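Model the full assembly from the supplied sequences, consistent with the hints where possible.
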Amino acid sequence: MTPAVTRRRRSWFSRLLKEMRHARFTAWFGVLVILAYAILALFAPQIAPYNEATVAGQPYMAWGGHFLLGTDQLGRDVLSRLIYGARNTVGIAVITTCLAFLLGGTLGIVAALYGGWLDQLCSRIVDVFMSIPSVIFALLFLSAFGSSIPNLIVTLAALDATRVFRLARAAAGNVVVMDFIQIARVRGESAVWLIRREILPNIMAPLIVEFGLRFCFVFLSIAALSFLGVGIQPPTADWGSMVRENAALISYGNITPLLPAAAIALLTIAINFVIDWYLYRTSGLRDER
Amino acid sequence: MNASKSEPRQKGAPLLQIAGLKVDGFSDDRWHPIVKGVDLRLERGEILGLIGESGAGKSTLGLVAMGYAKPGCRITGGSVTFDGKDMLSLPEEELRLMRGSRIAYVAQSAAASFNPSHRLLDQTIETAVRHGLLGRRLAAARAVEMFGKLRLPRAAEIGFRFPHQVSGGQLQRAMTAMAMECRPDLIIFDEPTTALDVTTQVEVLASMREVVREFNTAAIYISHDLAVVAQMADRIMVLRHGIAVEEAPTRKMLAEPETEYTRSLWSVRAMSQAERPETDTHLSIEGLSSGYAKSVKVLDDVSLKVQRGRTLAIVGESGSGKSTLAQVISGMVPVWSGKMVFEGQVLPSGFRGRSRDLLRKIQMIYQSPDTALNPRHTVEEIIGRPLEFYLGLRGEERDRRVVELLDMIEMGSQFLDRLPGELSGGQKQRVCIARALAAKPSLVICDEVTSALDQLVQTEILKLLDTLQQELGITYVFITHDIATVRAIADQVVVMNGGKLVEQGSRAQVLETPQQDYTNLLLSSVPEMDPDWLTRLLAERRGGAIAAAN
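Note that the protein sequences, when read in sequence, are chains S and R.
Here this note's numbering is used: position 51 in the first sequence is 75, and no number is missing along the way.
Here this note's numbering is used: position 217 in the second sequence is 320, and no number is missing along the way.
Calculated from the structure, these hints are not laboratory results.
Fair warning: there could be bad hints in the mix.
Taking lysine to aspartate or glutamate and the EDC-like style, the derived pairs with C-alpha atoms no more than 20 Å apart in a straight line are [as the list claims (entries may be wrong)]:
(1) Lys543/R / Glu43/S
(2) Lys566/R / Glu156/R
(3) Lys188/R / Glu156/R
(4) Lys42/S / Asp520/R
(5) Lys464/R / Glu213/S
A quick note: this is a predicted structure, and the numbers were derived from the prediction, not measured.
Okay, structure coming up:
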């Protein structure tokens with residue numbers, strides 16, 4: 025009896041640590057990179073030497089001296105803007121992706137669980153959304169309601185939620201026909217229990233993979249919208265717009281404009297390393313017996 | 104033996120010889136031995152029965168005889184010699200020419216083995232035509248002849264149908280015709296009748312046996328049902344964990360099995376508990392009709408009574424409506440007309456109209472424990488949930504009760520943390536039973552709970568259910584197609600056919616003195632542990648038909 029009790033009291037964190045001890049190198053690398061980004065984003069004002077909007081020197085100054093990575097076209101410190109960019113770009117992308125999954129995932133599972141007219145209604149609305157090219161739709165929405173960060177988040181989340189809905193509905197559709205769902209229903213369980221405890225754990229793998237991909241796509245969408253002038257507004261630092269603003273430097277053999285792009289690439293790779301490891305853990309070790 | 108009556112054997116030159124065969128299978132990131140050194144010898148025209156539980160290596164062995172290792176399997180030792188050729192060293196090209204023409208294979212699920220978008224005849228003659236053994240027209244004529252020999256109705260036309268347009272039994276016979284098309288020397292039958300109803304099984308078995316004997320084809324007949332194998336085979340080999348446990352001529356094997364394990368293979372048949380005394384009515388069903396989607400009627404005017412603390416077995420073949428009846432009682436399928444009275448109160452149609460306490464009292468155990476358990480929940484969560492949900496148990500009290508229930512199903516607390524994927528089939532079904540018991544039900548519906556399990560495990564589960572009933576006084580409604588199970592556990596029996604109730608009464612009445620023709624047919628179709636059973640049954644039926652004609 026006692027092992028049952030102590031076992032359940034073991035904290036989520038200590039389980040994670042135990043997991044990590046057996047993780048492969050790539051997983052460690054991914055986790056460390058993500059942690060580094062998170063720290064940069066959270067403590068940007070403390071870490072960055074200058075404010076993201078401060079014009080601290082001459083335009084286009086070389087690397088070294090006061091400005092470790094030089095200055096941009098207005099004389100702002102590139103390093104500081106990179107650090108603030110982590111906060112803005114990653115922060116917005118995380119919120120947007122989470123919102124998209126909350127909305128699309130929930131509706132998708134509900135549609136699969138109840139079927140009938142509810143499913144029809146949700147699916148047709150999603151079809152309508154998906155039939156319009158997403159950039160055009162975002163442009164339309166943002167020019168109508170003004171391009172503020174909350175509007176940007178809601179727009180991108182709504183657009184991405186349609187893709188998540190499709191995936192969640194398809195994955196949940198395979199699960200809801202199983203006997204254990206019927207057993208839970210006949211037991212009298214509520215819809216919340218069915219979704220959270222019976223269905224969600226079984227469709228976690230595809231959803232997590234999709235989360236990693238969607239997260240990266242949101243980056244690109246923000247960068248694209250910033251390029252079109254309706255995304256994150258200056259002087260707020262954002263990796264997408266930073267690439268564009270300093271693009272001219274590339275012709276002089278200066279790689280400064282590529283730094284924000286590299287920041288995006290590194291985070292993308294790190295996230296996918298962690299997801300690969302998660303998938304290996306869930307499918308390889310526990311399932312195939 | 105029958106084989107000796109046919110052609111004289113070529114002494115010393117067996118058709119198939121397998122020696123010291125070892126096969127590994129890949130799972131959990133490493134190779135495990137599946138077949139651990141099996142010797143096998145098959146003469147021309149001889150039929151060998153291979154019998155054993157799932158995972159014993161029967162199917163693997165059958166395929167290796169064709170020089171084929173399933174994906175995820177590798178042959179690590181031994182030799183396979185077919186008609187003087189070493190099957191393990193022949194190039195793939197030559198093996199391909201031999202498969203289908205000299206060695207043929209009949210799979211368990213004909214429905215999954217036929218291509219749904221081609222006509223039966225085209226698929227039957229495909230191998231012969233593509234190997235260039237027969238011209239198209241000759242092959243078709245031969246196929247039609249074989250359809251006739253296998254007693255398929257309208258042999259000349261049935262080949263133009265698509266697989267979904269014929270029944271499961273007919274499909275299995277068409278597959279046998281396909282295997283016989285090139286007049287092979289050896290056919291591997293891999294559980295060919297397992298998916299069929301008993302009444303269909305008799306016909307398929309009879310026609311298969313006749314054809315194989317007529318053309319003096321050697322065969323390996325793989326099955327988990329000893330009674331079925333006994334009708335077909337001259338010799339039987341019992342496999343367990345990849346080792347040949349026992350091998351003997353059929354009659355000898357049945358009369359005096361040497362090992363304890365072989366005897367245990369028909370242990371369910373030996374089980375029979377005493378009939379419990381009559382009690383008051385627990386659940387009564389009156390004039391019940393029901394079905395799916397408002398138009399497909401499955402149950403037609405069914406009336407029956409279940410007595411408290413006793414076991415009612417509902418017997419019938421697939422499509423008889425017995426599973427639907429279970430679903431109507433548990434509230435998953437609504438009632439169209441008629442009523443159900445449970446513990447003196449009218450039982451609302453549909454589970455949504457029932458109180459939580461009513462839901463608690465009627466629990467159901469499903470046929471397939473694989474899909475009845477959430478693969479992401481641990482054993483503890485699965486058994487603990489009804490305790491929290493119905494009885495409001497929390498914390499230590501709940502934990503203690505979970506362990507108690509695990510003890511009841513003869514599993515210990517070391518299983519608490521396991522996921523269903525880490526349990527065997529029998530253990531999973533036990534967990535399902537514990538989950539049902541956790542709710543403290545008064546009525547438990549068992550829907551084919553043993554049919555997905557091996558014989559030995561079946562016996563254990565049935566014994567467990569019986570013990571629990573004696574301890575807790577639970578009423579069982581036991582849905583099954585297996586007469587041996589009925590004999591083992593039922594007090595009352597209801598026979599269903601085509602959504603209607605055919606016959607009901609006490610176990611003795613229904614099984615010993617059946618009143619209805621259908622019950623008779625059903626009971627007589629159950630294979631018996633007697634190699635002459637099929638021959639005798641066919642003779643009796645033929646005699647009956649002649650008498651009826653006169």
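When the hints from earlier in the document are held up against this structure, which numbers fail? 1, 3
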